[in-house]
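2 protein chains.
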Amino acid sequence: MSHLVSFKSTFDERRVLVESLLEKYLPAVAMEPRMLHEAMRYSVLAGGKRLRPILALSTYEHCGGRTSSSDLPIHRAMAALEMVHTYSLIHDDLPCMDDDDLRRGMPTCHKKFGEATAVLAGDALHVVAFQLMAQTGMVQVVEELAEAVGTFGMIGGQVADVEAEGKNISEREIVYIHKRKTGALIRCSVRIGALLAVSSGQSFARLSQYGEKIGLAFQIIDDILDVEGDPTLLGKNAGSDSRKQKATYPGVVGMEQARADANRLIDEAIALVDDGSGNMLSWVARFIGQRES
Amino acid sequence: MSHLVSFKSTFDERRVLVESLLEKYLPAVAMEPRMLHEAMRYSVLAGGKRLRPILALSTYEHCGGRTSSSDLPIHRAMAALEMVHTYSLIHDDLPCMDDDDLRRGMPTCHKKFGEATAVLAGDALHVVAFQLMAQTGMVQVVEELAEAVGTFGMIGGQVADVEAEGKNISEREIVYIHKRKTGALIRCSVRIGALLAVSSGQSFARLSQYGEKIGLAFQIIDDILDVEGDPTLLGKNAGSDSRKQKATYPGVVGMEQARADANRLIDEAIALVDDGSGNMLSWVARFIGQRES
Numbered sequence: 001m002s003h004l005v006s007f008k009s010t011f012d013e014r015r016v017l018v019e020s021l022l023e024k025y026l027p028a029v030a031m032e033p034r035m036l037h038e039a040m041r042y043s044v045l046a047g048g049k050r051l052r053p054i055l056a057l058s059t060y061e062h063c064g065g066r067t068s069s070s071d072l073p074i075h076r077a078m079a080a081l082e083m084v085h086t087y088s089l090i091h092d093d094l095p096c097m098d099d100d101d102l103r104r105g106m107p108t109c110h111k112k113f114g115e116a117t118a119v120l121a122g123d124a125l126h127v128v129a130f131q132l133m134a135q136t137g138m139v140q141v142v143e144e145l146a147e148a149v150g151t152f153g154m155i156g157g158q159v160a161d162v163e164a165e166g167k168n169i170s171e172r173e174i175v176y177i178h179k180r181k182t183g184a185l186i187r188c189s190v191r192i193g194a195l196l197a198v199s200s201g202q203s204f205a206r207l208s209q210y211g212e213k214i215g216l217a218f219q220i221i222d223d224i225l226d227v228e229g230d231p232t233l234l235g236k237n238a239g240s241d242s243r244k245q246k247a248t249y250p251g252v253v254g255m256e257q258a259r260a261d262a263n264r265l266i267d268e269a270i271a272l273v274d275d276g277s278g279n280m281l282s283w284v285a286r287f288i289g290q291r292e293s
Numbered sequence: 001m002s003h004l005v006s007f008k009s010t011f012d013e014r015r016v017l018v019e020s021l022l023e024k025y026l027p028a029v030a031m032e033p034r035m036l037h038e039a040m041r042y043s044v045l046a047g048g049k050r051l052r053p054i055l056a057l058s059t060y061e062h063c064g065g066r067t068s069s070s071d072l073p074i075h076r077a078m079a080a081l082e083m084v085h086t087y088s089l090i091h092d093d094l095p096c097m098d099d100d101d102l103r104r105g106m107p108t109c110h111k112k113f114g115e116a117t118a119v120l121a122g123d124a125l126h127v128v129a130f131q132l133m134a135q136t137g138m139v140q141v142v143e144e145l146a147e148a149v150g151t152f153g154m155i156g157g158q159v160a161d162v163e164a165e166g167k168n169i170s171e172r173e174i175v176y177i178h179k180r181k182t183g184a185l186i187r188c189s190v191r192i193g194a195l196l197a198v199s200s201g202q203s204f205a206r207l208s209q210y211g212e213k214i215g216l217a218f219q220i221i222d223d224i225l226d227v228e229g230d231p232t233l234l235g236k237n238a239g240s241d242s243r244k245q246k247a248t249y250p251g252v253v254g255m256e257q258a259r260a261d262a263n264r265l266i267d268e269a270i271a272l273v274d275d276g277s278g279n280m281l282s283w284v285a286r287f288i289g290q291r292e293s
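Protein chains in written order, with our numbering: chain A, 1 to 293; chain B, 1 to 293.
These aren't lab readings, by the way, just hints derived from the structure by calculation. You can trust all of the hints, since none of them are fake.
Where chains are identical, the list cannot tell them apart; a pair therefore holds if satisfied intra-copy or between any two copies.
Here are the simulated lysine-lysine pairs, DSS-like style, with alpha carbons at most 30 Å apart:
(1) 49 - 244
(2) 246 - 179
(3) 49 - 179
(4) 112 - 167
(5) 111 - 246
(6) 179 - 8
(7) 167 - 179
(8) 179 - 244
(9) 49 - 8
(10) 112 - 246
(11) 112 - 49
(12) 49 - 111
(13) 246 - 167
(14) 24 - 8
(15) 24 - 112
(16) 49 - 24
(17) 112 - 244
The whole structure should be built from the sequences, with the hints applied where relevant.
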């Protein structure tokens, strides 16, 4: 039990670290273009679990990466992962896409700053993310990010998601969507953490599988929370998937199997990284399985 | 004269090369998500001068880079530069931005495929551009691109451009806008060509200045053509800057000085790269100075 408490406090400490890294690597509002920088900071610093950077760091340490200095490649990669996640949320929320007014309990970027600024703030975060990845000095992590967010990853999942609205789709298809829309960037966070620690080939493959499993589980649970979650905890209106006739995992396989599949994926992920003595990566997987927001 | 004819035919050959590189490095329509890949290809393969990739290649050869093989880092960089240029056009044309219906004589991406697909097609081209730059294996060119297109480069210029609409601005301000909105990516094309040829420090600085000068001249001439150009050659409606109360260079300094400044910048650029015997880079600078579309 004290074990679990200590992982929880490590997780919370890392959220604080992530906030400070984002603060550090986002362009300052004092510099032009001010309103754009303000919009970027507004969306990135609006909170969130910071799951992707924490996964990257936890994998990095799991693989023996050093954390002695205060400006390491892993730090830039962590900030980049959160920025690219935020860019995707800003563009997804646009009126021509999901048309959402609320995100983390606050007006979405285009509601606050207008559509033109929201498009550009997303584009700019996208650039800063690649810039920070390049600054790790490791061209391979830039490629990892590009693969994860491109048309065979996150963007491809987003397109398939939009195309599936109002349609009857199969379990194979919903897994296809979820693995790309959300899973690819989560898996990529794990892989980049391992790459920056110069992980060996075998453990890299295992970690990559771990990342894939928790990534899919994350989005299945997102769908479950959209039906059953507490809007106060979620910071957004529940039931929005159903209103938009979104393809969801419980919609395809039923709520009971959705829960069972998520639990199974989490268990399998943990078995890949934990010998039973407990570690940060298994704690994060469990955290994803039990999250309420 | 035969000299000039030969540079012109080199330029035209390189346009053909660029088309084949774009065809090669764009994702195939046969692969999912098909409609997105179709939208990406529609906008990228709609034609254009292909100035940025040709500048990169011409600088690369100017610096002694080898072109013996058919899949070189410079080829990937060339395709990336054109893709990032196209992504910026797609997003600029959106209803919430410049709201343009026509581009290169054809319906703009959102007119043809809808806004959601246009946003995502732009995002996806942005990703492929960084992916191709990473595939050069040289992390420095990824950083060059990120700097050129970020909030202190292209996106910053776009924001300043939107903010200047309908306002009286100074010559200093219009130079600020043009250097960023258009100039930064043109300068970056030159710099990346030099970097990939492993150029020496001194010539790199000169080439970088060359890139900066032709980049600014390019956008000044764009403004002049918007007033005086032939819509048939331009492939878009002329006079759109004035209708949108855009800040333009001739609007700030007058048409006569605009022409003189563009000519001076072109002459200065040529002096930086040509000893008087003529070469491809001075031809391209002259081409920019004399273009009608």
